[in-house]
Amino acid sequence: MPETTDTGPAEPLLEVTDLRKSFVTKRDVFGRAVAREDAVRGVSFTLPHGRTLGIVGETGAGKSTVGRLVLRLAEPDAGSVRLLGADVLSLSRRDLRRLRRRAQMIFQDPFASLDPRMLVGQTIGEPLLLHAGLKGAARTARVVELLGRVGLPAGTADRYPHEFSGGQLQRVAIARALASEPDLIVCDEPVAALDVSVQAQVLNLLLDLQAERGLSYLFISHDLSLVRSFAHEVAVMNHGEIVESGPGSELFGHPQHPYTKELVSAIPVTRPGRRRSAAVRRAAASIPAAPEPPVVRPVLSHVLEGDPS
Amino acid sequence: MAVDATAAPGGAPNVPGRAPLLEVDGLTVEFRSGAGRVRVVDDVRFTLDRGRTLGLVGESGSGKTVTSLAVMGLLPPRSSWVEGSVRLDGQELVDAAGAELTDLRGRDIGMIFQEPRRSLNPAFTVGEQIAEIARRHLGLSRKDAWDRAVEMLDTVNIADAARRARHYPHEFSGGMCQRVMLAGALVCRPKLLIADEPTTALDVTVQARMLRLMNELQAEFDLGILFITHDLGVVAEMADDVAVMYAGELVEQAPVDDLLSRPEHPYTAGLLGSSPDVQGHVERLRSIPGSVPAVGAWPAGCRFHTRCEHARPGTCDTDPVALADGGPGRRARCVRSGELHLEGVGVDA
Chain A
1 MPETTDTGPA EPLLEVTDLR KSFVTKRDVF GRAVAREDAV RGVSFTLPHG RTLGIVGETG
61 AGKSTVGRLV LRLAEPDAGS VRLLGADVLS LSRRDLRRLR RRAQMIFQDP FASLDPRMLV
121 GQTIGEPLLL HAGLKGAART ARVVELLGRV GLPAGTADRY PHEFSGGQLQ RVAIARALAS
181 EPDLIVCDEP VAALDVSVQA QVLNLLLDLQ AERGLSYLFI SHDLSLVRSF AHEVAVMNHG
241 EIVESGPGSE LFGHPQHPYT KELVSAIPVT RPGRRRSAAV RRAAASIPAA PEPPVVRPVL
301 SHVLEGDPS
Chain B
1 MAVDATAAPG GAPNVPGRAP LLEVDGLTVE FRSGAGRVRV VDDVRFTLDR GRTLGLVGES
61 GSGKTVTSLA VMGLLPPRSS WVEGSVRLDG QELVDAAGAE LTDLRGRDIG MIFQEPRRSL
121 NPAFTVGEQI AEIARRHLGL SRKDAWDRAV EMLDTVNIAD AARRARHYPH EFSGGMCQRV
181 MLAGALVCRP KLLIADEPTT ALDVTVQARM LRLMNELQAE FDLGILFITH DLGVVAEMAD
241 DVAVMYAGEL VEQAPVDDLL SRPEHPYTAG LLGSSPDVQG HVERLRSIPG SVPAVGAWPA
301 GCRFHTRCEH ARPGTCDTDP VALADGGPGR RARCVRSGEL HLEGVGVDA
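If you read the protein sequences in the order shown, they are chains A and B. Here the numbering used here is used: position 163 in the first sequence is 163, and no number is missing along the way. Here the numbering used here is used: position 69 in the second sequence is 69, and no number is missing along the way.
Derived by calculation from the structure, the hints in this document are not laboratory data. Some hints could be false.
[What the hints assert, rightly or not] Here are the simulated distance ranges between beta carbons:
| hint | chain 1 | residue 1 | chain 2 | residue 2 | range |
| --- | --- | --- | --- | --- | --- |
| 1 | A | M118 | B | V38 | 28 to 36 Å |
| 2 | A | H257 | B | T102 | 48 to 56 Å |
| 3 | A | D115 | B | W81 | 37 to 45 Å |
| 4 | A | L89 | B | A294 | 44 to 52 Å |
[What the hints assert, rightly or not] Okay, derived cross-link-like pairs now, DMTMM-like style, lysine to aspartate or glutamate, Cα gap no bigger than 25 Å in a straight line:
| hint | chain 1 | residue 1 | chain 2 | residue 2 |
| --- | --- | --- | --- | --- |
| 5 | A | K135 | A | D115 |
| 6 | A | K26 | B | E171 |
| 7 | A | K261 | B | E216 |
Cβ atoms here follow ideal geometry from the backbone N, Cα and C, with glycine treated the same way.
The shape of chain B in the complex, shown without the other chains (with noise of 0.2 Å):
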């Protein structure tokens, strides 16, 4: 491979006309279904550059994994088709040969999962785990990749990394389990750090030394992360730009803080409206009706519609709406986004 991945990690800043680090075009996924096929992500566009957080919003069912999955290169290839680009630092990772695609994305891409605990296996220690990565993905021998691995759970603040290492993933809580996670993501220094609901399953106050953890790495690293969630609190915390998914399509792009004080689309103004966070104590919460249409079972024309308090007849339900620019680094899938106006959150409560 044409990349050094032991080179020190730089702290420069994105060149102007530089290629973007992660360049997701067109993306498109399928997967079997009976004897047929069925679309769970439609079309997906974005860009991250490096040392900026691109936060992937939405619900159960929006697609918001299963993008993360085709990005690394992770969905299982008799069963599922992958079409679009995808393309890190340049270079197309979709139509990448197996081998080759293995490669870089164990060492210029590290993944987090929600449940740590899952993702690492109870026979081997931690620190073997770790190194093991080093050694396959950066040729390391077996007493530097160790040193390497030592060297990782130290940066992501396990206490006694050298005799902590020798220890199994069931003597760790479940927040060390994800620092651990972290740091075998990071052995290889990527540039890309994907991250999916890395905190879900955490204690609020874990959770919160987790993003504190996440935010030092990405300066020291100058990470590009991918962080999906959807906690819309994570999101104010942690990212620069926010995409909003919903029924396997964005709906909704922006620069954070444009994006919860003045959303564009219905969905994105009626999850703010959900989220108890913002309402404080209130006889009834803001709600949207019915639930997330099942796959396979979009809705025609725009498929928010069903839930949407401000659909028009004749207007939403006829033809597929199309993700229109609205404002610098804006864009939103809504026909009627010019002229509602979307409640937001303000700065102070």
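Chain A on its own, in the form it takes in the complex (with noise of 0.2 Å):
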């Protein structure tokens, strides 16, 4: 693995080009695919030192998959992930578990991505002996150390996740992930199971810790409200490709593409004088109403929507 420190700050974090993959979806009876879904088609984006790339969507838009594709969770088709200098998709094994202590994962579900069997102290202790080589005391002071730095008291380190809540379990997720002192967090929906007062604490901490260690976040969601907060550069994607990319205020004040303004009207707006007078929802609804668009598909879907011939 290249020294990254010497590729500077010119270099951004993570450079993705034309990244595509495709999922079976049918097989014969021999196991052979006879059915493909493109769920990423072409997706190109760059994300800079210490910086937050949103990528939003609906479900089976290949969000997901393009944040798996680059910690090369789930091997690409074709493209290419450049991350701190390196070409991710021609590492060999030994160099890919390096570079992955540099790039860390947080998913939606803390209480289905940590281990139930394993005490708060083992889940946070296993990287910091992986990557670090800690061991006995020097370790337990680092758990420690990291359990504080997300808010929760050095007594957590000898309970079970099913002790916890969602949201101090998301924390002991976050605490995981920065035991090996990453530069990179890929972030799939880390809030969207967590209620809304405990939403903005988590989100909080991951903006201090940006600040603090120059951290970068891929942060994927569905939720475009909580993007546009939280994102400097958001990019929407459809269909297995992003559509429209740009600054966050820019790209939700002044959509472009079609798909982007569709989506930006339906987000719910919390503000007075939304709501119509029940006099002007009974003359709106006695006007027929226009034709529905054309079903979305999702990409990845076992969902028969039209015609099943």
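Join these two chains into a complex; the hints should help.
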């Protein structure tokens, strides 16, 4: 793996070019693929050091697949991923493992992503052992330090995941991700499962860590309001492609692509004066509804939307 | 039953002095917990009129779903205790005998849930499932019930309804499943629709279509809607009035625009502050510290005082706080609401 410090701030932390991935959706009796669906169809973007790129899209848009491809949790069919100056897709297993300490991931449901049979201290300590070779008292001290950084008491280390709330456990997941001192964290719907009041706490923690350590986030979410407030740059995905990208305020203020426009206009707005009076609603209901837009077909779907023939 | 549920939906406005469509008073729910009981809903009181929507807002564990299940009479009788009064068009539901209640709630109350696919039976076509409701509650023949089901699928904008009625739930997308649920909930032309997070699992564009449809059908059927959600954006678009729940009790009630622009309870203000939509791009979000207390571990005094930045020791942590009237249609459960100037949301960003 090349020395990452030499790359300098001129080169982006992450550069993704024309990334493609399809999944087999149907096999014949011999296990040969007979049908494939394109999940990601030529996605390119760059993520500078210390910044956040938000990827938004609806179910089946391919946004989670992009996150997995970047960390090579799934193998892309084509394209290139350059992370910290290294070509991720051509790395050997060993080099890949070394690179992965610099790039971590947080998932939506910490109850599913953390091992229920491991103490929280073991969960956070594992990457310390694997990546830094820390053992014994030094490791324990570092675990406590990490817990403190995400706002959890030291005693947390001796408890099991089921003893915590979702918000607390997501903090544990963040502490584990921080343990290997990464430059990049891929956050796949990190607060979607949390209560509104707790969401803001976890997002604030991520913002503080970014300011403190210069972390970069690839922030994947279906929630446009969230991405707007959190990400510097936003990319909108639909059908495996990025249809529009740009600074959040620009993209949400002046959407150009028809899909982005539809998405932005569909966001419920938390402001007074949005609810129309009963009389207006009655009048509106008597006007025949405009024909519905064609059903957006999820790229990866077992659903038969239209005529089965 | 005295009520003719097959009558055409009337657009009759509420006559002054007539009983509200839904009147909930002193509703308290306890669940069995080990050898004892634990209270999950405490003295909830609200009313809902025909043609209007009440948004019931709260986080997980606030008791909003249990409140709706109690209204619907869906709580398990052996392990739960419901006290207080729930009246639909003046008729008491809490003490109604089992069979009578089943008839009443099936016909006069419709309900839709967060996960439509799980609420539908995968082994029957959607037409059969809707027709079954019509046969059971309206006593229609097999043929008439089927026709009614197809008609309802058409009403909820399922294209080619006659053919689609013969399809199974797995052949529909999530958004379409929710519209199928809505067709089933409305097939008996109920007066009240309870919608428990009906769009939470849907994509945002699908959600927008579903909300539009609910508004249209509300006007067409003169429905009262009890809309349960955690999303203040959805509340702003859908609700005429809002009731905010925290730790089993109502903490604030107000007409929607009043609640958003001038919240009177610090919890409501905190929820508005945590909402990313309200803030645009920011360095930090405002947040409420701590987390929702678990059922049975509610703090003494004001139940929110442990997380409240305005809490005053000796005042807020001693005695339970009453839900006090404050202006037209408004109530708040905060001893300091008169003196606090809480930040709300303006009309424009």
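Hint-by-hint comparison with the structure:
1. A:M118 x B:V38: 28 to 36 Å: holds (31 Å)
2. A:H257 x B:T102: 48 to 56 Å: This hint holds: roughly 51 Å between Cβ atoms.
3. A:D115 x B:W81: 37 to 45 Å: holds (39 Å)
4. A:L89 x B:A294: 44 to 52 Å: Given a distance of about 47 Å, which is inside 44 to 52 Å, the answer is holds.
5. A:K135 x A:D115: holds (20 Å)
6. A:K26 x B:E171: Roughly 17 Å separates the two Cα atoms, so the pair holds.
7. A:K261 x B:E216: Holds: K261 (chain A) and E216 (chain B) sit about 23 Å apart, inside 25 Å.
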